[in-house]
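Asker: For this one, chain A is given, so just place chain B on it according to the hints.
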Amino acid sequence: MKNLGQSTRLLAVLLMLSGLGATFKGCVYNPVQKDYLTTSGTVQLQGTIAEFNDAGKFVKNYPGQVHLKKNGAFVSDWKNTDGTVWDYPSVALSNGLNTFNGDVRFQNATGTWVNGQIPSILIEKKTDLSNRGEQKVFLDWSDTKTDTLIKEMATKTLDKTFTEAELTTFVADVKNRVVTFFNAAYNGSRVTLVGAAGTDVHTIKFDGADRCDYYGQSPGDYKNQTKQQTSSIYIGTFHCVVVDDNRLINGTAAEKSDTVAQRVNDLGVFIGRTATHELGHSLGLTDESNLHGCEGMHNCEAYDVSNPSDRFDNGHYIMDPGPKSTIWARLGLENSTTRNAQSPKFNSYNRSYLEIIHN
Amino acid sequence: MKITLFFTLLLASILAAPLRATDTPEGADAFFHQMRNANIVVLATLKAQDAERFTFVLNKSLLGAVDAQIVLPRFSMELANGVLPRVGGSYLLFLKQRKILGRRGIVGWAMGGYSIQEVKGAEFDLLSDVVADYVRYKTDANGLKQALMKHSAQKIGYVQYSTISDLDTRGLLNAKDAGLLAERLKGGHIIDARAKLSVVNKIKHFNLKQFAPLLESMIMNTNENISVRTSSLRGLQQFGDQAALARVAPVMVDGMSGRLRRTTIDIVKPR
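First to last, the protein sequences are chains A and B. Number 321 in the working numbering belongs to position 321 of the first sequence; there are no gaps in the numbering. Number 73 in the working numbering belongs to position 73 of the second sequence; there are no gaps in the numbering.
Just chain A, with the same shape it has in the complex (with noise of 0.2 Å):
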């Protein structure tokens, strides 16, 4: 079988939990993603007509025939696999959204027809992007009282005693994490750390007021118009969450017997996420008119109420709105009570939004 997909995959998932017998299904494994962005004017579709057996596991594909839908309506009549693969290798994308759905079926050995569904796929096609080349980004830490907090979350919440070396060390350790998840994040797009700011430089002051407000904020600029820009990250609510609240030991697995290592990881990605939400907003996301974003830009709850999307998590993606942010998800954890780790992300339309204005 050729590239399984990510229906395939669920579907011999669910045979496997619920012993329902043999499933067929239509598998698309081109595209690869199943929800995105992109100013091309045709798309490429590719699968196969799957049997899976009452464990679960992939029997064998068939060859018959395929009847896919865009916006509710079929591209063509009943069309022939060739051997066992379907291929649609150029259909018009519509300006906007395009959800892709459709039938399949095949003959079995009595002569009758067998059907399966084809699982819906959202490709939103939009012509006033472009390719905005390489942005920039400074991380400023000049003020140094972020220092100071980052060593109270260290002391706070750590059984441990620290010298005022091994603290250093600690300060140094979380902002090099940051760096590294804000690295990860942004990978497949060209936004890139540099040492100074500059014209064309976005960037990030880390601030080291006391407050208990924002994490964040940052300018919206819907297809990243103004490169210059500035976001702030107030690690004094950060503290407050930390330290003054308790929320990380009372609300996550951390404990005050963890270790160093795990107390740098916490933070680090708790930080870089916000600086990675953050710089997101100044380059587009999640933009109200024009990329489906609400509750003041950020990943929409409520699209995915209807729409076949998965664009908000609790937190897991990146741009998901502030209030509905758990803090186990900010920290990279999967869940409130273990160490399990989930490391948030931006959800598949933000990274092609991105992939896109910087390629």
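Worth double-checking, as some hints may not be accurate.
As the list claims (entries may be wrong) - Some chain A residues near chain B, calculated using beta-carbon distances under 7 Å: (1) P219; (2) H292; (3) G296; (4) D304; (5) D310; (6) T326.
Claimed, not checked - Mimicking DSS-like on lysine-lysine, the simulated pairs with C-alpha atoms at most 30 Å apart in a straight line are: (7) K60/B with K156/A; (8) K205/A with K96/B; (9) K150/B with K60/B; (10) K156/A with K223/A; (11) K126/A with K151/A; (12) K155/B with K60/B; (13) K145/A with K96/B; (14) K175/A with K145/A; (15) K256/A with K138/B; (16) K176/B with K156/A; (17) K136/A with K126/A; (18) K176/B with K151/A; (19) K120/B with K138/B; (20) K145/A with K120/B; (21) K136/A with K60/A; (22) K96/B with K256/A; (23) K125/A with K223/A; (24) K96/B with K138/B; (25) K138/B with K176/B; (26) K256/A with K145/B; (27) K120/B with K145/B; (28) K160/A with K145/A; (29) K79/A with K345/A; (30) K79/A with K125/A; (31) K155/B with K145/B; (32) K155/B with K209/B; (33) K96/B with K120/B; (34) K256/A with K120/B; (35) K256/A with K125/A; (36) K96/B with K176/B; (37) K345/A with K256/A; (38) K156/A with K155/B; (39) K150/B with K138/B.
Rather than coming from a laboratory, the hints here were simulated on the basis of the structure. No residue lacks a Cβ here, since even glycine has one placed at the ideal position from N, Cα and C.
Answerer: Quick look at chain B alone, frame taken from chain A:
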């Protein structure tokens, strides 16, 4: 106190600021965070709006003193949490008084986003009680807990969400409290989606396996909020309830939610 002129001056400077998006802590739109950052809470009705500002008239001040007319910059309030005030509607506004140069303090918008909630007229008295309890128990965690547990039983969405969220984020819930809230959820008394999500998360946090049937019923309800269903699915996974997972799986694949599909895949993906 006549403050409108001063407030208008402040407003003018705020309006000049560019459109900004913010990231706030979990539950930042609930009472505690709002009242931590605001010192004036009012119920007001939107009287007029234009491209730049909302003009409210005061219905009742729950905390602090304000003028009869309150003018707020339009952009920041709109971006706050999806609440777009409409003329004639009633709202709960969290404001902050701060000093400016001159002899008098002013009432000004300083909180930014997440400072507005839509309310119905019938909720005014309850909201007054809730705000009064937050003030009364500001430094008394146990007193606050008792008050919030009581208020969380009210079938008013924002109050349910806020009180349960605050109980959670303030670290005031133990396993027994979570069980009590879960029983309320089971009885259909918790109606707000985010309040439900908080309770489901606490069921998981305290590993309350006796509520697995409740989680299953919410997963099977295709009208239920997707976050609630997804969290419930994770709960069954955490409890290792393979039989329940088998029963709910077909609903996951037949539903339209991409998130539920992905979550189902994640559950059995080898780690």
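Asker: Taken at face value, is the distance from the CA of K138/B to the CA of K120/B at most 30 Å?
Answerer: holds (26 Å)
Asker: Taking the closest Cβ pair, is G296/A under 7 Å from chain B?
Answerer: Where the cut-off is 7 Å and the nearest Cβ of chain B is about 4 Å from G296/A, the hint holds.
Asker: When you check the alpha-carbon spacing of K126/A and K151/A, does it fall within 30 Å?
Answerer: Roughly 46 Å separates the two Cα atoms, so the pair is violated.
Asker: Are the Cα positions of K136/A and K126/A separated by 30 Å at most?
Answerer: holds (25 Å)
Asker: Are the Cα positions of K176/B and K156/A separated by 30 Å at most?
Answerer: holds (28 Å)
Asker: Verify the proposed pairing of K150/B with K138/B, using a straight-line Cα cut of 30 Å.
Answerer: Holds, at about 16 Å.
Asker: Please work out if K156/A and K223/A have their alpha carbons no farther apart than 30 Å.
Answerer: violated (42 Å)
Asker: When you check the alpha-carbon spacing of K256/A and K125/A, does it fall within 30 Å?
Answerer: violated (49 Å)
Asker: Sort out whether K60/B lies within 30 Å of K150/B, counting only the CA atoms.
Answerer: holds (23 Å)
Asker: Taking the closest Cβ pair, is D304/A under 7 Å from chain B?
Answerer: holds (6 Å)
Asker: Need the status of pair K256/A, K145/B: alpha-carbon distance at most 30 Å?
Answerer: holds (25 Å)
Asker: Close enough to count: is the Cβ of P219/A nearer than 7 Å to one in chain B?
Answerer: Holds - the Cβ of P219/A comes within 7 Å of chain B, reaching about 5 Å at its closest.
The earlier numbered hints that this structure contradicts are 2, 7, 10, 11, 18, 20, 21, 22, 29, 34, 35, 36, 38.
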